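S.K.: For the record, the sequence lines run as chains A and B. Following the numbering used here, the numbering of the first sequence begins with 86 at its first residue and continues without gaps. Following the numbering used here, the numbering of the second sequence begins with 4 at its first residue and continues without gaps.
Calculated directly from the structure, the hints in this document are not laboratory data. Being a predicted model, the structure only gives us computed values, none of them experimental. Any given hint might turn out to be false.
Calculated lysine to any residue pairs in the SDA-like style (CA-CA distance at most 25 Å, straight line) [what the hints assert, rightly or not]:
id: 1; chain 1: A; residue 1: Lys280; chain 2: B; residue 2: Trp161
id: 2; chain 1: A; residue 1: Lys286; chain 2: B; residue 2: Asn166
id: 3; chain 1: A; residue 1: Lys235; chain 2: B; residue 2: Glu29
id: 4; chain 1: A; residue 1: Lys287; chain 2: B; residue 2: Asp12
What follows is each chain in one-letter form.
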Amino acid sequence: MERKKALNIAVCVKHIPDPNLPGELDGQRLKRAGVQGVLDPGDEFGVEAGLQLKEAHGGEVTLISMGPAVALEAVRRGLSMGADKGVLVSDDALAGADALTTARVLAAAIAKAGPFDLVIAGVESTDGYTGTMPSSLAEFLGLPQLTFVKSLEGAEGSIRVNRQTVEGYHVVESPLPALISVTAGVNEPRYASFKGIMAAKKKPVEQWSLADLELSSDDVTVNQSVTNIGKAEERQAGEVVEDDGSGAARIADFLKEAKVI
Amino acid sequence: MPADLRLLDDDQRALVGLVREFCTGEVAGSVEDYERRGEDPAPLYAKLGELGLSGLPFPEEYGGGGQTYSSYLLAIEELAYHHLSFAIGVSVHTLCAFAVGEFGTDAQRKEVLSKLASGEWYGAYSLSESGSGSDAASLSTTAVRAGGSYLLNGGKLWCTRGNEADVVLLMARTGDAGAKGISAFLVAKGTAGFAGAKKEEKMGWRASPTWQLTLDDAEVPESRRLGEEGMGFRIAMASLDSGRLGIAACGIGLAQAALDATLDFTSEREQFGRPVNANQGVQFMLADMATEIEAGRRLYRHAAALRDAGEDYGMQAAQAKLFCTDVAMRITIDAVQLHGGYGYVTEYPAERFMRDAKGLQIVEGTNQIQRFVIGRRLTGP
């Protein structure tokens, strides 16, 4: 088989409060300090996508994260899955950073750690859920962006993806370098093996401050603020249908209405 | 409440975390199905190997995890917490691999241990026969030299995963009556004349198949005899010393699962306008259960620490097996009691816990044999 060009891949990862625990508010923000944190489960799909491309093409996977020192745990988690190295940007001036600021800082870190053929991010974080970071990041990096990726294949100098839409999917192709954001269905993230966990402790992680990225606190001024937090509307009870023998037909009608079949 | 991880080191915490994640994601959801069908969870064993968890206490040069026995037992306790039958299979596998590592030649370690430690193969252990249980030295299966091989004839009983395992550590008589006439063999799956004759129908451990094995001129090459001729009984007993710690850890994992299920049930179940566990009589039972579990945990971990330090641990292993499995029995009986009627029906796991605990008091030396081992250590032979 022809040897493909190795891919240098960056995967954005985020350390978030464990989404399996009940979330608490700290003012208008999610409480983070002292809360058990994990690698965002959405980012595990990004790490897995990077690892699969690396296994198919050769190359290297670098994890890029921004967060307090404790976010190193999320980076280690990705390294134990098989990523090669990590970068964590930590700075007191970044406390409470919004999605735009995060994109700006990650862009600077990716530029410094790169060049990369491909940048991968999850579609949205499992804490803030803004879903705006990947697009902002692509703009800062001047890269084409392929969003909502539900499956992908790499090729020589390009990438081809199936992009999730409401009705189905689009097939989108782009030259590299590019940025993709992956959905939760794109793959099945692997478990970190025990050997992977042991090996991760020895993998290199760069820890950079804003100064290392030649950014100042003026560059990371937060413009976005949360003005109100309210309870989500409770889901309405579903329609209950007594099966009088026409149940199967009713289900089929329902699925047709939903354009599922 | 999960086991107290505070005094563990980072590697141990990471190990327990990985096992817990694997069990929560892959094991817990299928326990009832495998148990109801009485089916071996073969895909889980494969996955366990992929995760590097099937050879934890063996050297890395043979594909193992290079961990202490203490760390390995943390993993067994966690597996047993989620699915006892599965943990039993892993414990028996480790017992087989231990014997190869301890008594095997370099060639056997390279050929067999490396496959067992990496999870490519799974091992089983076969000592008991229809007429030879606690009095294991009276076994009657024979192994007779024939050229560069042995021909094995006879029948074996109570062999966990005997038909599923890739290799069975099997004791047979090569010499005179008594312990010194016994040798140990590594019998490969698929050996002509070697087969599982009957899968037992059991009270518990239903997803851990137990086999009667028959040997009808089963040919085993000399290179698969473990140790010298006549060493088989010693190998069998040393393996059991080690394996008993696995069973002790299984007992604690099972008991903890029963306690946790009982805590959940008694806090949700309301009678007379308040949770059942708001009654002091119930709280006292729960307090005793939690205390006994913790005492058992300390006992098996102490024995394991002695083993890791290279100290003699045979008596402590027997004490741990005896105490931890008796604790499992008492706690699971109380768990059923505190569930009331719900404890007696299969909709809740309490009745399975109780059925499963009973097996632990019987295997790898009944608890009467454990007392015999302990007593002999105290008073001399």
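S.K.: Each hint: holds or not?
M.R.: Checked hints:
{"no.": "1", "hint": "A/Lys280 - B/Trp161", "verdict": "violated, 34 Å"}
{"no.": "2", "hint": "A/Lys286 - B/Asn166", "verdict": "violated, 40 Å"}
{"no.": "3", "hint": "A/Lys235 - B/Glu29", "verdict": "holds, 24 Å"}
{"no.": "4", "hint": "A/Lys287 - B/Asp12", "verdict": "holds, 17 Å"}
In terms of the numbered hints stated before, the structure departs from hints 1 and 2, listed from lowest to highest.
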